[in-house]
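Student: Residue-level listing of the chains:
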Amino acid sequence: MDLRRAAAIVGVYEHPTRYAPDKSEQLIIAESIIGALNDAGLEKKDVDALFVAAMPPGITGYGLCDYLNLYPRWVDSTNVGGGSFEFHLSHALTAIAAGRIQCAVIAYGSTARSGGVAVGTGGATRWGQARIAPVPDSFEDIYGTTTVGLYAMVAQRHMHEYGTKPEQLAEIAVTMRYHASMNPHAMYRDPITVEDVLTSRMISSPLHLLDCCVISDGGGAVVVASPSLARSAKKKPVWVLGVGESIAHQGGGWRDLMEMAAYQSAPQAFRMAGVTHQDVDMCMIYDSFTITVLMTFENLGFCKRGEGGAFVSGGRLRIDGEMPTNPDGGGLSSNHPGMRGIFLLIEATKQLRGDYAGTPRQVHARRNRSEPPSIALCHGTGGALGSRHSGGTVILGRD
Amino acid sequence: MTTAPQQYKKLLPAISGETRPFWEACKRGELLIQRCAKCGKYQFYPRGFCSHCWAAEPPQWVKASGKGKVYTFTITYQNRSPGYAEEVPYVLALVELEEGVRMFTNIVDCKPQDVHIGMPVEVVFRKATEEVTIPYFRPAKP
Numbered sequence: 096m097d098l099r100r101a102a103a104i105v106g107v108y109e110h111p112t113r114y115a116p117d118k119s120e121q122l123i124i125a126e127s128i129i130g131a132l133n134d135a136g137l138e139k140k141d142v143d144a145l146f147v148a149a150m151p152p153g154i155t156g157y158g159l160c161d162y163l164n165l166y167p168r169w170v171d172s173t174n175v176g177g178g179s180f181e182f183h184l185s186h187a188l189t190a191i192a193a194g195r196i197q198c199a200v201i202a203y204g205s206t207a208r209s210g211g212v213a214v215g216t217g218g219a220t221r222w223g224q225a226r227i228a229p230v231p232d233s234f235e236d237i238y239g240t241t242t243v244g245l246y247a248m249v250a251q252r253h254m255h256e257y258g259t260k261p262e263q264l265a266e267i268a269v270t271m272r273y274h275a276s277m278n279p280h281a282m283y284r285d286p287i288t289v290e291d292v293l294t295s296r297m298i299s300s301p302l303h304l305l306d307c308c309v310i311s312d313g314g315g316a317v318v319v320a321s322p323s324l325a326r327s328a329k330k331k332p333v334w335v336l337g338v339g340e341s342i343a344h345q346g347g348g349w350r351d352l353m354e355m356a357a358y359q360s361a362p363q364a365f366r367m368a369g370v371t372h373q374d375v376d377m378c379m380i381y382d383s384f385t386i387t388v389l390m391t392f393e394n395l396g397f398c399k400r401g402e403g404g405a406f407v408s409g410g411r412l413r414i415d416g417e418m419p420t421n422p423d424g425g426g427l428s429s430n431h432p433g434m435r436g437i438f439l440l441i442e443a444t445k446q447l448r449g450d451y452a453g454t455p456r457q458v459h460a461r462r463n464r465s466e467p468p469s470i471a472l473c474h475g476t477g478g479a480l481g482s483r484h485s486g487g488t489v490i491l492g493r494d
Numbered sequence: 012m013t014t015a016p017q018q019y020k021k022l023l024p025a026i027s028g029e030t031r032p033f034w035e036a037c038k039r040g041e042l043l044i045q046r047c048a049k050c051g052k053y054q055f056y057p058r059g060f061c062s063h064c065w066a067a068e069p070p071q072w073v074k075a076s077g078k079g080k081v082y083t084f085t086i087t088y089q090n091r092s093p094g095y096a097e098e099v100p101y102v103l104a105l106v107e108l109e110e111g112v113r114m115f116t117n118i119v120d121c122k123p124q125d126v127h128i129g130m131p132v133e134v135v136f137r138k139a140t141e142e143v144t145i146p147y148f149r150p151a152k153p
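From first to last, the protein sequence lines stand for chains A and B. Counting in this note's numbering, the first sequence runs from 96 upward without gaps. Counting in this note's numbering, the second sequence runs from 12 upward without gaps.
Just chain A, with the same shape it has in the complex (with noise of 0.2 Å):
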């Protein structure tokens, strides 16, 4: 079966939040979800499937239909970390092919800053009290492993077998913070150097302060239409060209550490949208950490291995470069409530339809200044690079 532009995203809605201290993670989840349909020109009776991912302890598929008192005919709660959401849209993409639904929301909503989550430094408590599985934790988290540490060794290696320079993670952080700048609602604004980056407080070596991502509350939606659906919507819709979905672990005790989940995604996604990577105008990519937008370019097959330190390099990454990339900011520096891959969805539609247009957010197709991109990639990393993770790829395009 092509599954081409067997969907498309009618709808998103990005929480304005940073900091929520009065709302639960279900009105948040409520509230994008509203937002998204208004911004589609559809209403609660459209809505026949639910996709939803949140951090533990949990939201659940069938506790949120009975907070926002719906009765889909289709429930989805994969969790695979903050990659989710493009696995929501590839599993969205298959059951309306396959005529189960017509309409779905993908959403997410959290208070991990208000809630004082220790999102990627408090280890193995960070979700409350410990509970440590026989297996793998028992044999990972007894040494204090924490989120940003995981990907901190991963990058020690990529340095190690390549040569990648500090200078070059760092370099991730400034495009991403300068691109917030742009952004009002972004939690961080105001410029950085290459040189503040490297002077921040180490995390875990080689990972300073700067090369992490924000805590922040937030949440966002997504809604998804059949074909015919999306004919109707009030907005154009952005289609579904092609969907990669992977996982990466450590594979009994062998695997090769600079082999993400990206590498197997990838292939499926582009094969499946029959577009190359010249065809890509701009990219949404997972930035939990400076070294995973820079290993996911590698990954994706965007430059070879061991080159991300230069493919980043060089302005390369801005707006204005050759591969624009994350131009809301990122979860470096706009928010991050501890899943993040729905903003890559709701970022990526936003452009592709040209919202920004008239503004220097908007990102321009590569052909031709004057249009907004025609193909944008976005790619979600769930888990953590150095002991499992996932990975989802979805190309988009416009009409």
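There's no promise every hint is true.
Listed next, with one range per pair, are the computed distances between beta-carbon atoms [said to hold, decoys possible]:
id, chain 1, residue 1, chain 2, residue 2, range
1, A, D351, B, H127, 26 to 32 Å
2, A, V170, B, G59, 52 to 58 Å
3, A, G410, B, D120, 42 to 48 Å
4, A, E354, B, K20, 32 to 38 Å
5, B, A25, A, T155, 55 to 61 Å
6, B, E141, A, P111, 24 to 30 Å
7, B, G129, A, K329, 46 to 52 Å
Calculated from the structure, these hints are not laboratory results. Beta carbons: idealized from backbone N, C-alpha and C, even for Gly.
Given chain A, put chain B in place with the hints provided.
Tutor: Structure of chain B alone, referenced to chain A:
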């Protein structure tokens, strides 16, 4: 009511049937890994089956040499969990054993700044509680 102060604040492994031989061996000062009788591959962490070929028969326990090299590491300066918070900076590492498999550990008995990729290391055991002894690695003696 008073309770005795908890000596060991860090996380303790949860021990199950399939991992018990590993932890029992640690108490004897032996590092066990597993080898599949059918496909011959080593695996770590221990499991009740071979994760490589899914052979029905459980893998054999093999005594590892306890020697290896630092595959990668990080010096952790921030961890908010009890026990670890007090120990920063500490070295979290992946060690590649002579048998080929890699395992998470801490590099101990040296300055964190002295650890480097490729550094030869050897296993050392430390008693956490009466029930649990944990393997760590230290710079190998020449």
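Student: Starting from the hint 32 to 38 Å, judge whether the C-beta atoms of E354 (chain A) and K20 (chain B) obey it.
Tutor: holds (36 Å)
Student: CB of G129 (chain B) to CB of K329 (chain A), is that within 46 to 52 Å?
Tutor: violated (59 Å)
Student: Taking the Cβ atom of D351 (chain A) and the Cβ atom of H127 (chain B), is their distance within the range 26 to 32 Å?
Tutor: Cβ of D351 (chain A) to Cβ of H127 (chain B): about 20 Å, so the range 26 to 32 Å is violated.
Student: Taking the Cβ atom of A25 (chain B) and the Cβ atom of T155 (chain A), is their distance within the range 55 to 61 Å?
Tutor: violated (24 Å)
Student: Range hint 42 to 48 Å: satisfied by the CB atoms of G410 (chain A) and D120 (chain B)?
Tutor: holds (45 Å)
Student: Taking 24 to 30 Å as the hint, is the beta-carbon distance of E141 (chain B) and P111 (chain A) inside that range?
Tutor: Between E141 (chain B) and P111 (chain A), where Cβ atoms are some 54 Å apart, the hint is violated.
Student: Does the beta carbon distance between V170 (chain A) and G59 (chain B) stay inside 52 to 58 Å, or does it fall outside?
Tutor: Violated, at about 33 Å.
The structure shown violates the earlier hints numbered 1, 2, 5, 6, 7.
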